[in-house]
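J.: Okay, here's what each chain looks like letter by letter:
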Amino acid sequence: MHNRNLAPMTVEEVLDWLEEGRVSPAEAFALFRTIGERAEIVSSQAKESQEKLNDVLAELDGLIGLKEVKQLVREIQAFVEIQKRRTEERLVTEPLVLHTIFRGNPGTGKTTVARILGRMFRHMGVLPRGHLVEVERADLVGEYIGHTAQKTREQIRKALGGILFIDEAYSLARGGEKDFGKEAIDTLVKAMEDHKQEFILILAGYTDEMNFFLQSNPGLRSRFPIHIDFPDYNAQELLAIAELMLEQRQYRLSDGARRRLALLIQKGLRSNSYTFGNARTVRNWIELAIRRQAVRLVQKSGEMTRQDLMYIEAEDFGEGL
Amino acid sequence: MKACMIIGKANVGKTLFAINFAGYLGVPRLEIEFTTPGGEIYRRTLTQREAVEELTSPAPHHTLGLQAFDIQMPGLKGRKHFAVLDTSGLTDGIPEEPLVRRAMAQTLAQVRQAAVILHLIDASSVTKQGAVEAVGQVDWQVAQFGGMRTGYAILANKMDLPEAASGLLQIRREFPGHVIFPVSALLKTGFAEVKQFVWRHL
Numbered sequence: 035m036h037n038r039n040l041a042p043m044t045v046e047e048v049l050d051w052l053e054e055g056r057v058s059p060a061e062a063f064a065l066f067r068t069i070g071e072r073a074e075i076v077s078s079q080a081k082e083s084q085e086k087l088n089d090v091l092a093e094l095d096g097l098i099g100l101k102e103v104k105q106l107v108r109e110i111q112a113f114v115e116i117q118k119r120r121t122e123e124r125l126v127t128e129p130l131v132l133h134t135i136f137r138g139n140p141g142t143g144k145t146t147v148a149r150i151l152g153r154m155f156r157h158m159g160v161l162p163r164g165h166l167v168e169v170e171r172a173d174l175v176g177e178y179i180g181h182t183a184q185k186t187r188e189q190i191r192k193a194l195g196g197i198l199f200i201d202e203a204y205s206l207a208r209g210g211e212k213d214f215g216k217e218a219i220d221t222l223v224k225a226m227e228d229h230k231q232e233f234i235l236i237l238a239g240y241t242d243e244m245n246f247f248l249q250s251n252p253g254l255r256s257r258f259p260i261h262i263d264f265p266d267y268n269a270q271e272l273l274a275i276a277e278l279m280l281e282q283r284q285y286r287l288s289d290g291a292r293r294r295l296a297l298l299i300q301k302g303l304r305s306n307s308y309t310f311g312n313a314r315t316v317r318n319w320i321e322l323a324i325r326r327q328a329v330r331l332v333q334k335s336g337e338m339t340r341q342d343l344m345y346i347e348a349e350d351f352g353e354g355l
Numbered sequence: 030m031k032a033c034m035i036i037g038k039a040n041v042g043k044t045l046f047a048i049n050f051a052g053y054l055g056v057p058r059l060e061i062e063f064t065t066p067g068g069e070i071y072r073r074t075l076t077q078r079e080a081v082e083e084l085t086s087p088a089p090h091h092t093l094g095l096q097a098f099d100i101q102m103p104g105l106k107g108r109k110h111f112a113v114l115d116t117s118g119l120t121d122g123i124p125e126e127p128l129v130r131r132a133m134a135q136t137l138a139q140v141r142q143a144a145v146i147l148h149l150i151d152a153s154s155v156t157k158q159g160a161v162e163a164v165g166q167v168d169w170q171v172a173q174f175g176g177m178r179t180g181y182a183i184l185a186n187k188m189d190l191p192e193a194a195s196g197l198l199q200i201r202r203e204f205p206g207h208v209i210f211p212v213s214a215l216l217k218t219g220f221a222e223v224k225q226f227v228w229r230h231l
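Here the protein sequences come in this chain order: R and H.
For the first sequence, our numbering assigns the number 35 to the initial residue and increments by one for each residue that follows.
For the second sequence, our numbering assigns the number 30 to the initial residue and increments by one for each residue that follows.
Calculated directly from the structure, the hints in this document are not laboratory data.
Where hints are given, some of them may not hold.
If the Cβ cut is set under 8 Å, some of the chain R residues that face chain H in the computed set are [unchecked claim]: (1) L52; (2) E53; (3) S83; (4) G159; (5) P162.
It should be emphasised that the depicted structure is a prediction, and the values quoted were computed from it without experimental measurement.
All C-beta atoms, glycine included, are put in the ideal place defined by N, C-alpha and C.
My request is simple: use the sequences and hints to build the entire structure.
T.: Here it is in structure tokens:
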């Protein structure tokens with residue numbers, strides 16, 4: 035390399051040096067990166083990506099609850115960032131294997147966090163597209179020999195550049211050795227080798243079922259270095275989620291409606307968690323209440339105020355939904 | 030006009046890729062703007078066959094200067110007008126010939142503005158010690174530069190050759206974190222994925 039003290043200071047000087055034979059093209063590219071750093075050459079793009087990444091992380095922080103999930107996502111983000119920096123410095127890096135297991139009940143934020151991860155990896159340059167392809171057993175498993183591999187490969191193809199999210203993934207091992215689900219698992223494992231770093235696979239499902247699924251498929255388990263547990267929301271968090279959903283739709287809860295909803299949530303939490311779908315159930319309640327409010331208002335005689343249009347009353351939640 | 034720049038070492042198949050990719054994008058006759066290392070600009074219209082015969086060669090540094098192929102790419106939401114910019118081959122060391130050095134400076138001058146950079150690597154010669162087209166220092170530096178921006182992808186070319194399969198694996202190992210498309214400029218394979226990538230970044 036040339037004498038650093040006399041190194042060209044601008045991109046134009048680098049081009050002159052290259053033309054004069056004082057630096058090689060490789061050295062010229064290296065100088066491009068150091069001169070004016072990212073400012074002159076690529077900063078606007080890098081800055082844009084960083085801003086978008088900050089937006090995604092802010093969205094993650096804005097999710098109610100999920101404290102440990104957020105912390106883990108931050109850890110993954112930091113790990114990926116450092117591996118990228120180490121690669122730039124030609125240091126030995128850890129393999130960037132980001133296939134993940136999501137364990138938790140329905141409605142605990144698994145799909146939402148998967149979407150956020152996709153966008154986060156896209157803005158970090160890990161995935162070119164960062165989109166989410168959400169599938170379940172029926173989308174992967176076929177009806178005759180060879181059909182399953184074909185269906186699974188098609189979903190993998192759609193997910194290249196992004197995330198393949200398999201909900202209730204444990205159901206792939208449902209039928210035992212002779213079931214076509216095993217063929218889907220084998221095809222997924224092969225794709226994880228053939229398309230390394232071209233997509234990320236997320237297997238999601240109930241905690242117990244996923245644990246059993248991974249124990250019975252040790253080869254699969256070792257390919258998923260990241261495990262994220264999604265705990266059930268508590269009553270306070272579910273009420274906050276409901277109020278956020280309503281706020282986004284420009285609705286509000288009356289005091290009576292809030293009390294009724296809180297009772298419904300407590301009742302739901304006391305019931306079997308397999309049937310109570312956490313935030314998803316709360317969203318369904320909210321949507322039903324919005325429809326009932328509309329019927330109530332249409333049937334109401336007299337003037338309809340802005341307040342009337344905005345407020346959900348206790349009766350809109352019905353007696354027990 | 031936005032540019033999709035083809036960059037890489039000498040003899041990795043940049044010009045053949047540019048011609049066949051332009052053809053794949055639906056250009057029947059190629060409108061090409063040539064910029065010589067001296068800065069002279071002239072335009073020509075060639076068929077794909079004529080372009081392959083005149084512009085490609087097995088000898089390195091056949092392309093000196095810039096060759097911009099005018100493209101109108103149709104998509105779901107209208108057309109995109111851009112140039113596929115074929116460039117002079119890069120070398121690991123300092124070339125002796127001043128004209129070659131000037132042509133390389135021209136390439137580097139364009140790289141800053143390009144919306145898309147397609148970095149061609151000869152997958153069949155990755156490990157060929159001493160071969161002009163083998164992966165070298167300049168590929169590392171281009172990849173590091175590309176990694177700092179969006180719209181950068183590595184094209185593992187010559188996948189039609191038997192040595193290319195193991196070469197592709199090695200490229201994936203040695204350039205982790207980059208978008209890599211296996212292609213054959215000769216057989217026009219892998220072009221659909223490259224087209225999607227280019228469309229997204231223009």
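J.: Look at each hint and say if it fits the structure.
T.: Here's how the hints hold up against the structure:
1. L52: holds, 5 Å
2. E53: holds, 4 Å
3. S83: It holds, given that the least Cβ distance between R:S83 and chain H is near 7 Å, below 8 Å.
4. G159: holds, 7 Å
5. P162: Holds: closest Cβ of chain H sits about 5 Å from R:P162, inside 8 Å.
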